[in-house]
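Read top to bottom, the protein sequences are chains V and X.
Here my numbering is used: the first residue of the first sequence is 1, the next is one more, and so on.
Here my numbering is used: the first residue of the second sequence is 1, the next is one more, and so on.
Honestly, the hints are just simulated from the structure, not real lab data.
The beta-carbon is built from N, C-alpha and C at its ideal position, and this holds for glycine as well.
Hints are supplied without guarantee of correctness; some may be wrong.
[Said to hold, decoys possible] Reference listing, derived: stretches of chain X covered by chain V, where coverage requires no fewer than 3 residues with Cβ under 8 Å from a Cβ of chain V: (1) 168-175; (2) 257-263; (3) 291-301; (4) 356-364; (5) 380-393; (6) 478-485; (7) 552-558.
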Amino acid sequence: MKGYRRYFLNKLLWLLVTALFAFILNFTLPRLMPGDPVAAIVARLAQGMSNSTGMKAVYEQYAEQFGTNKPMITQFVLYVSNVFQGNFGASFSQFPRPVIDILKSSVLWTVSLQFPAIIVGWIIGNILGVLAAYIRKGFDKIVMPVSLFISNLPAFGMAVILLVIFAVDLKWFPTSGGYGFDLIPDFSWRFIWSVIVHYQLPFWSIVLIAIGGQAIGMRSMSIYELNADYVKYARFLGIKDYKIVGYVFRNAMLPQITGLALAIGTMVGGALVAEIIFSYPGLGTTLLSAIQGQDYPLISAVTLIITVMVLLANFAIEIIYGLIDPRIKAAQTD
Amino acid sequence: MKRLMFVLTIIVVFTLALSACATATEAPAATEAPAATEAPVATEAPAASGEAAAEVVAGDTVLPREETLYFNGQQWSAVVCWNPYSSNCNNAMAIAQQDNARTIMFETPYMYNMMDGKVYPLLADGPYAWDEGMTKITFKLNAAAKWSDGSAVTADDVAYTWASHVKYNTGTGAANILYVADIVAVDPQTVEVQAVLGDDGKSINPLLVQAYLSSNYVMQKAWTEALEARAAGDAAAFMADVAEDVVYSGPYGKFFSDDTKVVYIRNDAYWGQDASMWGKLPAPKYLAHIIYKDNAAGTTALAAGEVDVSQQFNSNVQDLWLEQGLPISTYLPEAPYGIGASLPTAFFNTASLGLDNVAVRKAIAMAVDYDTIIANAMTNQSATFTQVPRSLMNPTPGEQAAYDKAAVADLQWAGNDIDGAIALLDEAGVVDTDGDGFRDIDGKKLSYVATCPNGWSDWQAAIEVVAAAGAKIGIEITTQYPEWGVYQTVVTNSPLPAEGYDIFMMWSDGAGPTQPWGRIRKLLSGEFAGTTNNWNGNWSGFDNADANALIDAIPTMTDAAEIKAAYTELVKIYLTEVPSFTLMYRPQAFHTVNESVWTNFPHEGDGTDPAVPPLNLTDGYSVAGLYNLTLVK
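This is chain V alone, in the form it adopts within the complex (with noise of 0.2 Å):
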């Protein structure tokens, strides 16, 4: 256990140190952006107005307001000063709406979509590729096939495909929205209903196309791991298939864990091309607009968000697999 608990310290110590890291890139990468922010603002007002003087106060008003005029030293002092406060401050893009109000209303939407779709097609594609690797013959035929046809196709022709033949032609599911662009969210089953229905194609697309990738990469470990002493072992043994595709796909799935933690890790990012596709509310666009307009405060507080996940998934999956892992554990403590 001794050995364990300097394992542990030393993945912590290494959390830290990255977590500080990354803390000071989520502040400056943005602001060494070529641009300026409070230019764009300044030209969404530009129009009607006509005299360059005015423009010019109006535009020193914004950069007094926003802190882009002073040295970026003092920018971070305030910075990590209003962090530890929880406060990202106001969104330059949609101002004077406060950061944390943005993310309020788009992370739920973001997770509700993001998380069950990467963990249905986790799932499902590890199954099929298992599968695919242990039965072969005709469902490998068919299997490997259509997964790397599938997980080739870039995201956004799989959620147009979907919107054409499902919304557009045989109308069975609508075209845009979190819900039905008539209502007006409350707790009754028409809206929880409406919320369902425009879940699905967006849910799919995403599922479809991770599908694909995970299937590929679970037969490969899965041949591997089939061609293993062990495996031939207990079949001499007479042990019966399902059992044996029981012991690979615990086997083969290490890696695919890794895999799992860092897509968690790197969800809160958001789907882009399903909601810009089906108009799905959430993060993904909300930190693209952000990062063309130069939200410095926004794009600051989604990356964050995404590196903490990203690190604690690593840090959980690091010390999973120092329990489950023996070897792991003793190879980074030599």
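Since the structure of chain V is already known, use the hints to place chain X on it.
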């Protein structure tokens, strides 16, 4: 390993449960914006029907299709504020103080009608009048005009609105302070707008003073005072206030908004139903704008009948009725489908090698194939330069009549004139001296970068055609597309960089009460040359004494012939010097309607008098269209 399987099983069960009933996690959306929290709308609603409205608001979680008019193309992100004093409020449907001001919630004294170039009273009663010395404008307010809290709109409100703009240096204040000296209440119904006077004792710019009346909202004095108290005198807080409690005079107020839509509800006690104004309420009870993420999503919704009025660029819009047989139409049944009003323009960086030579500038402009731009970039939703020859005017009949066409006919080019461009360059001695296929000046190859913001697809298509023209006349033109955040910072600050921005696109003014003078000023006036934070125009830095003098003089001219001669001279200067060149005509607003639920939208020859402009029933006089709508069945 068993432990891991157990953990995974738990995750699987949890996940499937979550995906099967996603609403469990979505449900908070309801708490974000329950109708109940929107109840303040009810209190904003008129005193006379306040309680009734509260019941309606609380009970309405479905917007009846036959009571709701749906829009797209105006609101592209969640509404964040309701404060017209803010310079940066993104509430596009409700707040747009511009030449054709948006008046569904807040109202201006007058409404501009781009169809006849006149203004019509909204909060005002009758026309405004200049005094004989051209020092001030006087107008009366409509005695019937009321705020949403039931109190009367008075001259004090108008005066206090202006005073607040000045006190807090709002965008409106900063934009007008050089032309409007003060606005005072003569009596509760009479307003006097005092102009800043020139050396001759007359208004230095009567056009901009009178434009104030149709461009800027009147806000309630009592509410403004409450806002000031909340902001404790701090200008930034005053403008950053989200103003959920704002009092308004227009026919619609806030009903609901979240990340997916914004909905406005009709104030059934709206003063405009008085016989002195519209005589009735607007037909739709709700105006709703769904927030689509891009044009494609908006077009799909329009085709599906989920949008009634579309203010966005719908590529190949005619296919919607010709190919798909949908009940969708535009203002004009044939190309260009709408009325061109603004002139997207390519500007030259005259500091670049060779672009200080008018022959090079004109040759490039002559060689561009504008018909291809209009066919590809605008899918024919623009008049061609054969139909409407280039000048400084937009294609509206009023502006086309503002200059002498015959006098400039030999200067106008329709484009794709490769031979003419080559002859012009040869004549100017700009030839290929080293045999590399490109012309040189001082031994250096003429090589330019043409640019516009990345993702502005119609502009990008146009810039590609400009680049192609260069190759045909021996000038190398490549393209690049920086992000808008970078692009706008560069082009609005003089001097322009030595590389990367040789030919670049920006906009020009559309239709409005100061046009065509306002557009010409922003395309040619030397006052913008060499400035920073220049969001007005003349990004080439053109500075011509004759043009400057004419631009200064026109606002104070009164003789129609003199004005026409001045405009003609300005067109001559523009087409001779070519500091920039128009690439296409663009409508003031795209206006496509789906008549599956509502009908009687503005169309050419619809019999309205004055004609209702195709501005989506929200901008300027087009708000009149809301009162003409009827249900299809």
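Evaluation of the provided hints:
1. 168-175: holds (count 5)
2. 257-263: holds (count 5)
3. 291-301: holds (count 8)
4. 356-364: That given contact is violated, which follows from only 0 residues of the segment 356-364 of chain X lying within Cβ reach (below 8 Å) of chain V.
5. 380-393: violated (count 0)
6. 478-485: holds (count 3)
7. 552-558: Contact hint for the segment 552-558 of chain X vs chain V: violated, 0 residues under 8 Å.
Checked against the numbered hints given earlier, the structure breaks hints 4, 5 and 7 and satisfies all the rest.
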